[in-house]
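The hints should help you fit chain V onto chain B, whose structure is shown.
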Amino acid sequence: ASSLAAGCGARVAAYVRLMPPKQLQVQQQQQNPQVLPAKEANLFKTALKFYNGKKYKKGLRSVDQILVKFPKHAETLGIKALVLNSLDRMEEAHVAAREGIKSDVRSFVCWHALGVLHRTEHNYPEASKCFRTALRFDERNDRILRDLNLLQVMMRDYTGYIDTRRKFLEQRPSLRANWIGLITAYHLAGNNQVALKTILTYEDSIQPVAEPEFEHGELLLYKNLIIEQMGDMSAAIEDLNKCERLVIDKTQHQEIMGRLTHQAGRFEYAEKIWRDLIFKNSEHYAYHQALILTRSRIPYGQGLPDLKLPATPYDRKASLPHLNDDQVATLESVYDDLAGAYPRSNLVKRVPLTFTRGESFKRRLLAYIVPYLRKGIPSLFGDLKALYTDKDKVAAIEEVALACETSLRTNRSLPLKQDKEGEQESPSSMLWALFFLAQHYDRLEQHDKAFKYLEEALNHTPTVIELHMFKARIYKHAGNLALAAEAFDSARKMDFADRYLNTKTTLYLLRADKPTEADRMIGLFTKEGENPVIYLAEMQACRYELEKAESFYRTGQYGLALKMLKAIDKHFVDIRDDETDFHGYCLRRGALRAYYRMVEFEDDLFSQPYYVRMAKGFVRTYLALHTKPAAPKAAEIDEYAGMSEIERKKAISKKKREDARKQVPEPKAKGKGPKGKQLPEAKPDPDPFGEALATIPDTLKEASKYITTLKLSVPKDVEVHILACDLYARRQKYLLVLNSLRKLAKFVSSDPAAYRAQMFSLHTLHKVLEAGGVTHPEVRQVIESEIRDICGGKTLAQMHEAHMAQGPLTPHLRTVGAEVSVLLDPSCAPAQGAGLVDMVATANTYKDCVSAYGLLQHTIANPATTDAFQKACHKKFPQATLFAPPQASSSETR
Amino acid sequence: MVSIRRATVDDLPGMQACNLVCLPENYQMKYYFYHTLSWPQLSFVAEDYKGRIIGYVLAKMEEDDPCPHGHITSLAVLRTHRKLGIATKLMKQAQEQMKDIHKAWYVSLHVRVGNKAAFSLYHSTLGYAIHDTEDQYYADKEDAYSMRLTFREDPKQAAKALKKIAAH
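Line order of the protein sequences matches chains B and V.
Residue numbers for the first sequence follow our numbering, beginning at 1 and rising by one.
Residue numbers for the second sequence follow our numbering, beginning at 1 and rising by one.
In case anyone wonders, no lab produced these hints; they're calculated from the structure.
From a predicted model like this one, the values you see are computed outputs, not experimental measurements.
Positions of the beta carbon are idealized from the N, C-alpha and C atoms, including for glycine.
One or more hints might be untrue.
Partial list, computed: chain B residues near chain V (C-beta under 8 angstroms) [to be verified]: (1) R543; (2) D578; (3) F582; (4) P684.
The following block holds chain B by itself, in its conformation from the complex:
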């Protein structure tokens, strides 16, 4: 099963007849002076038929036939525009629509057609204007009304949307979907009161529902959501009690009840509900969180953020509030009981590890890990990783794991008390204990120890794929990405049929900046005869495209990086557009809480992690291109020298077409998606290397578009404001720099990167002011007073000194400190360079030294110091290729 099923075709894609032909004729005779004679009128009908039947080429021929004789016939021009739109000939379509409007400014067909063109081009505001104009000339045209209402909700023009939905309801109040349409319109607009009132009116208008039924049950829960959002908890609980019988989705009903009664402080009642839910699904962590809180009589919301509804009731990532000894003791007995009742549940055993401490923790931990070691479950470490934020627990884990190791080595047993004396473990338990310890030490950045355990495990059983996968991980953590990719590839070779191994190898290759090999690798699992890059773009494989873009960025291939980023950007445009299919569909379908959440999701689409990473990638790449603009290809300049401008343009575009053909191999067979869905044939890429993207005239302006989006979608993201400072300074938008500095202010004390951005921006602003770069007196005043405000009367040097005195002197802060010191006073470079060499001793991972290395190479630029730094790093992080002496690195990375 695959492509969107027929039932989902909510989009009224096939053009239904614009209006009955009779009406059309009457209207033509009355209003339009250009009445078509019978022959052409028939031809017009045929054209419409072709268009509605998606036979666009035939339709085009028919309209052209009419237009030969009646070139100014507006309606025909309108249909021509629609036909051309469907044929993706947008420019001609616009010409036709505009001609049509010129001939008859009151032609609703032409206005509607123009609106459709704008919609195709995603210009929703213009499209909506056109549809509204069209409706002025044909008020009750259902088709246009439908198009308009969809645009309005897409644009979140809720005032207009409510208005249109009301018209639908007035026209056909017997249709349930029309009621739902108006209800959701009010709710989406935030008008809960009227939304609720409309539900009540609707309920009065229908026969009372006697038996539980899916759609109605969903409406009842949706109503409850609205009541809850209106803020009256007891009304919401009362309503929930009332509707219980008719709701089919009991799980959801109970989840809401459990949360609301918890919020209302009815701990005992809520606790019982959460226990019931654990009975249904003992592996739902939020249920356990809720049980712990209600059992411990901790009020709702304490230490837990309030989530948007109707997402999961308790936040997965939130840590539990501190529990006192009594609470812990109570919970321990609760969970001991549960363990008896749910012997197969994993969480019932795992959850106590989150709240127990000391000896009890150790005892439970041992009991927990023994079955993992015996069964050889490779995810044991991943399962316990969440505990590594607690130092005491890390120590306890190490103690228990080492005890297991010792016991296995000395008498081939695990140190469990209830085990019978003299019982022997199978040899594989030792293997998994070694594997666990390797992962444990890797997590603590003790890569040597990790390697040692791993090697022993590999000697023990060389055929376990997970061990090879993990070897790649240690290499990665230790800073040798080429060896990491090799190690993962050797894991892959042990099971060619596993796509996971294939994908991960690809990602490792991209981290090692080997994009060509990566494409070849991932191509092993995409369809035969099809370009994997195109297939993966079709399937919206953001992760792969992002990793590739980031690799191109690292290696300075900015055009290619931009190309990948554009591909991801397009996925998000598509995902936003997918919405069009669902508005109408969901109103009929009735899963209203999911629908509501979908709209919220789309509203927040640009805060999706992949989007944020992509948009930041754009900004960084454009900034890099601003620093070092892409040169037009040298070959091109020579080749076309001596040609006239027009010849030159022609020759270049011809060459680009040829290049594109070379780049994209013709697919041998038409690729098939899942369930035989035909994928479109690959068109030759007019810009295979992204040169056009990289040579746009104003890269900074492009970057600003993304920064503007990010500032709205993820306002709490420090990195966005750091990038914004840099970007706005380059664009000489100093007031915007100040604005970003204000956003950064609260991060400066704890985040060296934010501090660095602040100091660099202040330094730039100072220099600009000194050089008289701001002439407008009021702007100058604002900048000066803002700087005074931030600096608190200190000079930058004094500020810097104070900040560094605050500490803590992490490698990151020390690096930033050196960079800022040199910025403020270049003469201190030698001393700062020496300081960085000393810093190496305090570094935890090779990553701590990367930016310092760059600083030494490019800014401080003292070869002796750089050399000393590199040697110190190489000694401390021998695996890290970045610091390897030249000859060694070439043999290692191959």
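Relative to the frame of chain B, chain V by itself:
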């Protein structure tokens, strides 16, 4: 620590990413949306302690059939999280919801004839039986077993359904 729960709209990007890592049959975002917006109770995810999706079952109903039944569109668990019984737990949750909410008669799925691990999960662990073999079901021409797990065989209901089928 893995948590298994119903999938919401917010999980869809994670499910798509998980699918792309694990399986050769991939889908566009819209298809995931279609499932959740039509049957919000049927799809489940397994997430790790950071909220990353490490497994999912994407499920739907075939409603036009005289015997409405569930269908498993896709099931995946990351290799790193195998042997924990996650796939079994995901499947059981989805099956329960099909029965409870949509009164499904049975649930169907397709599995590659050559995928022994998956076949054993469906057949031995979950009790599915082979209903049919579909030639060259997959894009790479591999055959599929069409498998079914029956939920109820109420004779009265069965007679009714048979009548309905005859009437069609």
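Here is how each hint holds up against the structure:
This hint holds: R543(B) has a C-beta 6 angstroms from the nearest C-beta of chain V, less than the 8 angstroms allowed. For D578(B), the interface hint holds, since its Cβ comes within 8 angstroms of a Cβ in chain V; the closest pair sits about 4 angstroms apart. A cut of 8 angstroms between beta carbons decides the hint on F582(B): the least distance to chain V is about 6 angstroms, and the hint holds. At about 24 angstroms, the closest approach between the beta carbon of P684(B) and any beta carbon in chain V exceeds 8 angstroms, and the interface hint on this residue is violated.
Going through the hint list in order, the structure does not satisfy hint 4, though it satisfies all others.
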